[in-house]
Amino acid sequence: MNTNSNTYTIIYTTVVCVLVAAILAIVSGSLASKQQANEKAETISQILTAAGFADKSEWEARGNDAIISFYKENICNAYVIDAAGTVKDSLDTASATIYNLSELKKQNYSVTDAASSQDLALPVYMFKDSTYVLPVYGAGLWGPVWGYVALENDLTTIKGAYFDHASETPGLGGKIKDDPSFRAQFSGKVVDFTDVKPFAIVKGGAGDKANGIDAISGATMTSKGLDAAINNWLAAYKPYLVK
Amino acid sequence: MDKFLKETFLNPIFKNNPVSVLVLGICSSLAVTVELKGALVMALSVTIVTGLSSLVCSLIRKTIPNRARIIIQLVVVALMVIVVDQVLKAYAYGIDKQLSVYIGLIITNCIVMGRIEGFALNNKPLPSLVDGIANGLGYGLILVTVAFVRELLGSGTLLGYPVLSAIGYTNNGLVILPPMALILLGCIIWAQNAIMAKQETKK
Chain A
19 MNTNSNTYTI IYTTVVCVLV AAILAIVSGS LASKQQANEK AETISQILTA
69 AGFADKSEWE ARGNDAIISF YKENICNAYV IDAAGTVKDS LDTASATIYN
119 LSELKKQNYS VTDAASSQDL ALPVYMFKDS TYVLPVYGAG LWGPVWGYVA
169 LENDLTTIKG AYFDHASETP GLGGKIKDDP SFRAQFSGKV VDFTDVKPFA
219 IVKGGAGDKA NGIDAISGAT MTSKGLDAAI NNWLAAYKPY LVK
Chain B
-18 MDKFLKETFL NPIFKNNPVS VLVLGICSSL AVTVELKGAL VMALSVTIVT
32 GLSSLVCSLI RKTIPNRARI IIQLVVVALM VIVVDQVLKA YAYGIDKQLS
82 VYIGLIITNC IVMGRIEGFA LNNKPLPSLV DGIANGLGYG LILVTVAFVR
132 ELLGSGTLLG YPVLSAIGYT NNGLVILPPM ALILLGCIIW AQNAIMAKQE
182 TKK
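Residue numbers (the numbering used here), protein chains in the order written: chain A, 19 to 261; chain B, -18 to 184.
If we strip away everything but chain B, and leave its shape as in the complex, we get (with noise of 0.2 Å):
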């Protein structure tokens, strides 16, 4: 058992990453990318939603009418994000000014919906709860390393605080927009595909 939940656990951060292997939730690792910041919030925000929602929809797997399912995992997952919303709004308004349009999208993540349907409508609570957190952070992760490119090339700045800039560096325009997003993630693909076929060879 402790085994399982380990590899529940450490799967979905790099072996069976949702962003980079199974190519799940691509919109929103485009749009909210251009600051540091807003990435570690949507990342955290996503995290607590799948965890949560994986949670809930396990606890009650047993009661959802089968026909009525995919209903049923919307609302649970739609509630959350709300919750999010609504709480990030009352406690850090500057974040979500930027990001609530993000935030209720992510309803709309596959990855939330995709955790609930393979994982968690059939297994226990526990299990489920670390697949939801493990999934939103291996899609935390992908997000922050091309967020950390994105406004350390495209504005010069770390979380807010000069750094490129600092030493004169003219900021590229191209990094800020959306395709930029989409060029990284290739590259992380990329690596991590080399990284991934060199340890098959080597076993």
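One chain only, chain A, in its complex shape (with noise of 0.2 Å):
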């Protein structure tokens, strides 16, 4: 047969083509619900991490299971506020229904857009020891930056946090992850709405004041884009926390 002629070129491009896609769409498709538990038990270890229960890498060391039953056990409410304040929808408590990246960063546009603030929908995990854990969302230098900070029960002092990204510089602006003792400035701080910036991440000093916590050095962009995402969030929250 030739193998060099036009009509044989097409179709055996197509048939691969075909063969492939059918792959694909099988290994997805059988791999997709496994993909799915993985990234929501990620996501609901994260938040409990920023709650203070355990740490990020005892969660990963007790895998999927263990942490969907432990978020279950010590949740006591989770809902939806919009941008009055008040509760708009509930999240279900009995399936560890949760926010999505995807749907952070949906709500993203519409807590930095004031126009389109009217969609927002944005999630409240209320624990039983009276812990709110709040996500937040922004951009860092390289991609995507997001977290939690959990407050305590006056809604003001912040109990702990937690902050993940997408590809920040590793030993740099990585360190918003990795370094455990940049999130342990959060520990005891307060969000202060009096104040310009409720809560800020700067350079030299600000570990001192009560709302605000040093930024990393080296990672100045990092660090302003996970001080300018905590900020619009709270701003988001802000109906709800100063009630």
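Among the hints, erroneous ones may be present.
What the hints assert, rightly or not - Only pairs whose alpha carbons sit at most 25 Å apart, straight line, appear in this in silico SDA-like list of lysine to any residue:
hint	chain 1	residue 1	chain 2	residue 2
1	B	K18	A	S75
2	A	K146	A	L252
3	A	K74	B	V68
4	A	K221	B	T151
5	B	K78	A	G70
6	A	K90	B	G75
7	A	K242	B	P159
8	B	K78	A	S87
9	B	K43	A	A40
10	A	K221	B	L155
11	B	K43	A	N22
12	A	K58	B	G19
13	B	K18	A	A55
14	A	K74	A	D245
15	B	K78	A	D73
16	A	K52	B	I63
17	B	K43	A	Y26
18	B	K78	A	L190
What the hints assert, rightly or not - Sample of chain A residues facing chain B (criterion: CB under 10 Å; computed from the structure):
hint	residue
19	M19
20	T21
21	Y30
22	T31
23	S48
24	A50
25	S51
26	E60
27	S75
28	P188
29	L190
For the record, the hints were derived by calculation from the structure and aren't laboratory data. Beta carbons: idealized from backbone N, C-alpha and C, even for Gly.
Dock chain to chain to rebuild the complex, using the hints, since each chain is given by itself in its own frame.
Rendered as structure tokens:
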């Protein structure tokens, strides 16, 4: 057979493409449920880490099922609030429904754009020990940064925080996730809505302020991005927090 | 035949190493060598992708239309890469989170296409599979060597366990940044050239 004829080439490439597409569809379809479960457990473990139940590495060691059952045992209420701070919808705690990353990304448009704030639907996770966990989302240097801030019962004092990022520089911007001493700075600080910025991440000296922490040296843009993410989202939560 | 297979397997690991001799796949070896764990997974992924795509391309080598062969090779490689990425996402989520960008970049890793073009299209399936795996291993060897030094000196740990940091070592930030991977790679190439030059003169 002439493998160089046009007809042969076209038929051959078409067959190969269809075959490959079929294989990919099967692989993706058969692994989808496991992938989604991983993603959900990852998000929940970040929420639980921020709330101070255990360290992130410990959740990874415990595995998906343990993470989800721990969440179900300790969650008190989870709901979604609107721009006025009133509860709009509830999230099913029995099935551990949470807002995943793509949902946070979607909400980030409403958070940063006042015109679309009527679409705002922000989640609040309330645990049985009266810890409130709120998500934040924004742009770092190379890609999105996001995380969870846990507040005490007074809705002012920060109990803990956990942050993650898509592609910040390891060892510099990556410290928002990897450096426990950066995260430890958050505990005991407060959110102060009477200040220009409710919470500040700035270089040098902010560590002495009640509502600020020191930024990471060598990671100015990541620190600024995280600062903006926290302040934008806190501003959106303001009606709920200062009722 | 046996000797041919043995040589096909051993050559890419040292004498014809795809990274240190042919200087292919440099991009990813800079990016994924901050930690040993990531480097090991990347090495394994590249080995699987080069091995399987060489095997598949070798199996269909006689039917591939010559004018469309690069496209066909690309489709086969892309298929393998996506499958590896999906499997990692399902069974090694933590590692995939760190590596997903670079896993996608295996498609553009010159070693994979280079071995298919240069070897698999002219050889039988078995030697092609061996050649692909050996090239992946040769790449992995360099990757793991660089990652070993970078994690040890940059973070003071090995596979996440404290080694140097346990005895009060201050982490070297330069080692974590990509340029250090190039410097280390240069040192490896230097050492290898020195050893090979010595062997040449012995002969």
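Taking the hints in turn, this is what the structure says about them:
For the proposed pair K18 of chain B and S75 of chain A, the alpha carbon gap of about 15 Å is at most 25 Å, so the pair holds. Distance hint between K146 of chain A and L252 of chain A is fulfilled; the C-alpha atoms sit about 22 Å from each other, no more than 25 Å. The suggested pairing of K74 of chain A with V68 of chain B holds, with an alpha-carbon distance near 23 Å, which does not exceed 25 Å. Pair hint K221 of chain A plus T151 of chain B holds up; C-alpha atoms about 22 Å apart against a cutoff of 25 Å.
For the hint linking K78 of chain B to G70 of chain A, the alpha-carbon distance of about 23 Å falls within 25 Å, and the restraint holds. Taken as a hint, the K90 of chain A and G75 of chain B pair is honoured in the structure, with Cα atoms around 22 Å apart against an allowance of 25 Å. At roughly 23 Å between alpha-carbon atoms, K242 of chain A and P159 of chain B fall within 25 Å of each other, so this suggested pair holds. Proximity of K78 of chain B to S87 of chain A is assessed by CA-CA distance (about 23 Å); at most 25 Å being required, the pair is judged to hold.
Straight-line distance between C-alpha atoms of K43 of chain B and A40 of chain A comes to about 23 Å, which keeps the hinted pair within the 25 Å bound. A hinted pair counts as satisfied when its Cα atoms are at most 25 Å apart, and K221 of chain A with L155 of chain B qualifies at roughly 22 Å. Note on K43 of chain B and N22 of chain A: the hinted pairing holds, with a Cα-Cα distance of about 11 Å set against a maximum of 25 Å. Distance check on the hinted pair: K58 of chain A and G19 of chain B sit about 22 Å apart at the alpha-carbon level, within 25 Å; holds.
Distance restraint check for K18 of chain B and A55 of chain A: the Cα-Cα separation of roughly 23 Å lies within the 25 Å cut-off, and the hinted pair is therefore satisfied. About 22 Å separates the Cα atoms of K74 of chain A and D245 of chain A, which keeps this hinted pair within 25 Å; it holds. Restraint check for K78 of chain B and D73 of chain A: satisfied, since their Cα atoms lie roughly 18 Å apart, inside the 25 Å limit. Proximity of K52 of chain A to I63 of chain B is assessed by CA-CA distance (about 16 Å); at most 25 Å being required, the pair is judged to hold.
Proximity of K43 of chain B to Y26 of chain A is assessed by CA-CA distance (about 13 Å); at most 25 Å being required, the pair is judged to hold. Distance hint between K78 of chain B and L190 of chain A is fulfilled; the C-alpha atoms sit about 18 Å from each other, no more than 25 Å. Using the Cβ-Cβ criterion of 10 Å, the hint placing M19 of chain A at the interface with chain B is satisfied: the shortest such distance is roughly 9 Å. Look at T21 of chain A: its Cβ gets to within about 5 Å of chain B, closer than 10 Å, so that hint holds up.
Because the beta carbon of Y30 of chain A sits about 5 Å from the nearest beta carbon in chain B, less than 10 Å, this interface hint is met. Given the 10 Å rule on beta carbons, the hint for T31 of chain A holds: about 5 Å separates it from the nearest Cβ of chain B. At a threshold of 10 Å, the smallest CB-CB gap from S48 of chain A to chain B is about 9 Å, leaving the interface hint in force. Because the closest C-beta pair between A50 of chain A and chain B is about 8 Å apart, less than 10 Å, the hint holds.
Restraint check, S51 of chain A versus chain B: the minimum CB separation of about 9 Å is within 10 Å; hint holds. Against a cut-off of 10 Å between C-beta atoms, the interface hint on E60 of chain A holds, since the closest Cβ of chain B lies about 6 Å away. Residue-level restraint check for S75 of chain A holds (minimum Cβ-Cβ distance to chain B is 9 Å; threshold 10 Å). With 10 Å as the threshold, the beta carbon of P188 of chain A comes within range of chain B, its nearest partner Cβ sitting at about 5 Å, so the hint holds.
Taken as an interface hint, L190 of chain A checks out: its beta carbon lies about 8 Å from the nearest beta carbon of chain B, inside 10 Å.
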